[in-house]
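Protein chains: 2
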Amino acid sequence: MEKIKLIFVGFGNVGKAFARKLLHQLEARPIYRNILGNDIAIEVSAVVTTKGAYIFRGDWRSELSTLVEKYPSNVELLKRFDRTIDLDQLLRHINPNLAIVTLPPSYSNGQPNLEIYSRLIENQTSIITADKTGLAFKFWDLIERAHSREAYIGYRATVMAGTPATDLMQGVAGKEVLELKSILNATTNYIVSLIESGKTFHQALEQAQREGLTEPDPRIDYEGYDSAAKLAILLNILGYRVAIHDISRTSLNTIDDAKIREAPKKGKSIRYLATATFDKGEIKTAEVKPAELDLGSPLAKVKGNYNGIVIETSQGTISMIGPAGPAENTAEAMLTDLLEYMLWIRRK
Amino acid sequence: MEKIKLIFVGFGNVGKAFARKLLHQLEARPIYRNILGNDIAIEVSAVVTTKGAYIFRGDWRSELSTLVEKYPSNVELLKRFDRTIDLDQLLRHINPNLAIVTLPPSYSNGQPNLEIYSRLIENQTSIITADKTGLAFKFWDLIERAHSREAYIGYRATVMAGTPATDLMQGVAGKEVLELKSILNATTNYIVSLIESGKTFHQALEQAQREGLTEPDPRIDYEGYDSAAKLAILLNILGYRVAIHDISRTSLNTIDDAKIREAPKKGKSIRYLATATFDKGEIKTAEVKPAELDLGSPLAKVKGNYNGIVIETSQGTISMIGPAGPAENTAEAMLTDLLEYMLWIRRK
Numbered sequence: 007m008e009k010i011k012l013i014f015v016g017f018g019n020v021g022k023a024f025a026r027k028l029l030h031q032l033e034a035r036p037i038y039r040n041i042l043g044n045d046i047a048i049e050v051s052a053v054v055t056t057k058g059a060y061i062f063r064g065d066w067r068s069e070l071s072t073l074v075e076k077y078p079s080n081v082e083l084l085k086r087f088d089r090t091i092d093l094d095q096l097l098r099h100i101n102p103n104l105a106i107v108t109l110p111p112s113y114s115n116g117q118p119n120l121e122i123y124s125r126l127i128e129n130q131t132s133i134i135t136a137d138k139t140g141l142a143f144k145f146w147d148l149i150e151r152a153h154s155r156e157a158y159i160g161y162r163a164t165v166m167a168g169t170p171a172t173d174l175m176q177g178v179a180g181k182e183v184l185e186l187k188s189i190l191n192a193t194t195n196y197i198v199s200l201i202e203s204g205k206t207f208h209q210a211l212e213q214a215q216r217e218g219l220t221e222p223d224p225r226i227d228y229e230g231y232d233s234a235a236k237l238a239i240l241l242n243i244l245g246y247r248v249a250i251h252d253i254s255r256t257s258l259n260t261i262d263d264a265k266i267r268e269a270p271k272k273g274k275s276i277r278y279l280a281t282a283t284f285d286k287g288e289i290k291t292a293e294v295k296p297a298e299l300d301l302g303s304p305l306a307k308v309k310g311n312y313n314g315i316v317i318e319t320s321q322g323t324i325s326m327i328g329p330a331g332p333a334e335n336t337a338e339a340m341l342t343d344l345l346e347y348m349l350w351i352r353r354k
Numbered sequence: 007m008e009k010i011k012l013i014f015v016g017f018g019n020v021g022k023a024f025a026r027k028l029l030h031q032l033e034a035r036p037i038y039r040n041i042l043g044n045d046i047a048i049e050v051s052a053v054v055t056t057k058g059a060y061i062f063r064g065d066w067r068s069e070l071s072t073l074v075e076k077y078p079s080n081v082e083l084l085k086r087f088d089r090t091i092d093l094d095q096l097l098r099h100i101n102p103n104l105a106i107v108t109l110p111p112s113y114s115n116g117q118p119n120l121e122i123y124s125r126l127i128e129n130q131t132s133i134i135t136a137d138k139t140g141l142a143f144k145f146w147d148l149i150e151r152a153h154s155r156e157a158y159i160g161y162r163a164t165v166m167a168g169t170p171a172t173d174l175m176q177g178v179a180g181k182e183v184l185e186l187k188s189i190l191n192a193t194t195n196y197i198v199s200l201i202e203s204g205k206t207f208h209q210a211l212e213q214a215q216r217e218g219l220t221e222p223d224p225r226i227d228y229e230g231y232d233s234a235a236k237l238a239i240l241l242n243i244l245g246y247r248v249a250i251h252d253i254s255r256t257s258l259n260t261i262d263d264a265k266i267r268e269a270p271k272k273g274k275s276i277r278y279l280a281t282a283t284f285d286k287g288e289i290k291t292a293e294v295k296p297a298e299l300d301l302g303s304p305l306a307k308v309k310g311n312y313n314g315i316v317i318e319t320s321q322g323t324i325s326m327i328g329p330a331g332p333a334e335n336t337a338e339a340m341l342t343d344l345l346e347y348m349l350w351i352r353r354k
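Just so you know, the protein sequences line up as chains L and B, in that order.
According to the working numbering, the first sequence holds residues 7 to 354 in order.
According to the working numbering, the second sequence holds residues 7 to 354 in order.
Since the hints were derived computationally from the structure, they do not count as laboratory data.
Ideal Cβ positions, reconstructed from N, Cα and C, are used throughout, including at glycine.
Any given hint might turn out to be false.
The following label-pair restraints were derived from C-beta to C-beta distances [what the hints assert, rightly or not]:
hint	chain 1	residue 1	chain 2	residue 2	range
1	L	Asp223	B	Ser320	43 to 51 Å
2	B	Asn115	L	Gly43	44 to 52 Å
3	L	Gln95	B	Ser254	52 to 60 Å
4	B	Ser320	L	Arg67	16 to 24 Å
5	L	Asn40	B	Arg155	42 to 50 Å
6	B	Asn115	L	Pro118	53 to 61 Å
7	B	Asp223	L	Glu217	26 to 34 Å
8	B	Glu288	L	Glu49	21 to 29 Å
9	L	Glu8	B	Leu184	44 to 52 Å
10	B	Thr90	L	Arg151	45 to 53 Å
11	L	Glu8	B	Arg63	40 to 48 Å
12	L	Ser154	B	Lys85	42 to 50 Å
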């Protein structure tokens, strides 16, 4: 029986949702139950947050349950977080096999996220991440360093979360891709549909903020950083070496509200799209911008918390529609990564 | 520079289409061009068919081009096929790293396909297959034996071919899947649409046969073997241990033509569906049968050479629509496998 020592880096909504899945759902998944369960077990060793490092001492299941319930509101529990231990010390002390990374994104210069990924990889600690920053800045660099250190990187949760968009891209790497068109950010898609139904951009944004749908800095959504990060990841999976800042961004609020409202009358729909076009195998354009779709297009029907991708290939059109986040879906994508990581461990 | 010695097992339309992709398209794919090209090269060493074994002696590119053009019509070329060499001898003689398998299916008892897969795996020869037989009979047995022999098995071409259905299933392994509904056989979907537009089952079947769309034995299509094999593979990817004969099949011709024709008047559409339902993580039903859909359902819109999958999860609905085969698409799925195999080789 192989044991996987696991740490959490970040413990917000997504980290907690993943902890709950680990406690209550992993063992119910058929891959674990029927294929892996007798060979591999998990043990959680630490949780690292901005409050410090919490190192598990007793039964990890009960300690993790307590953290899920009481972090960060319980003062007694917070005292158990040691602020004097930095990540390097923790890695040396615990030497974890796997880190569950749920850091907030950092799209200005990528830090401290990039540095954290580097430390983990140097330590041969595999990574399952919901944070897009590392891969949106340095996809192949991280992947190749991870491989050379025999570490796994799972990143299904970084794009569309509830829908296996990264798997889709891996599955078309042998095809001639002519165009990729996608809705990768549910928040802006919601804002657009509120504008369509009569609200101004500012009213729609305020409503989305009130409902807790935007990033803490909502420009990450409506200025296209989030979509650009995701598009960069998808293009890297296809085999291109591009980073978030290679994707051109046009803010959603550059388009007149009236234009969005009037589009349906002409059989069109404006959506905030992430698109790429290709010419002889090279990227011709890669951009995030408000753009017009035919109402009959599968992307025009993407509503609510859903995302979609349409890929034109030389042999036909592939479309995938499904839920985006939030935390529950993101955590399930990470659970899929965990199962893949376990299959990978077993093969080594 | 690592060299991959490759053999073809079977060389019909799909094998030839893959050979053309290998000759003319591999190097244009971004994963190869930008990531792998400097590290790994391919060399084709032999083609094995029912006519015997053709062993490459000179420049593999020009010999493979000749085979693509002239096999099996050219008599001089056929003389180069040695009928006295069996697969074991060939494997010992060449010791290939990778076999491109495009055998016809064998759904009665799985032979000789199962035996061929066993020989390849025993020899530590990795496999990229378009043939569903092996995996539809013994998915995890083959996968686990391959892993223990450090061989790769790529099988994207076995389901939906033009659309990454196997990737989709890998991508939802961490989710709670409640229902899977799919159109996995384009031929029967075409037959149904011909019946809808006024033809009888027999007229529709004859037309599909005339147009070369059916399997040589068309019962493989309309009695549901093909769809059942594909559904079995999808369920195994989710982590279940099921084989083709565990899937219940109801022939397409058990339903009245009139019922198919009248369905649209009631806002419905009859389709030949492969479905599975789940209860507390166990498979409740797994079947191929003619069944009614709402006209608004994404699967009701799957036409022509397209296939589709709709997965209900506890967190929402994921749908994927895209092209099925024929040979071109199947070969591109195999090219995707080849790129994944190369990434896998490089990591070892």
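When the hints from earlier in the document are held up against this structure, which numbers fail?
Hints 1, 2, 5, 7 and 9 not satisfied by this model.
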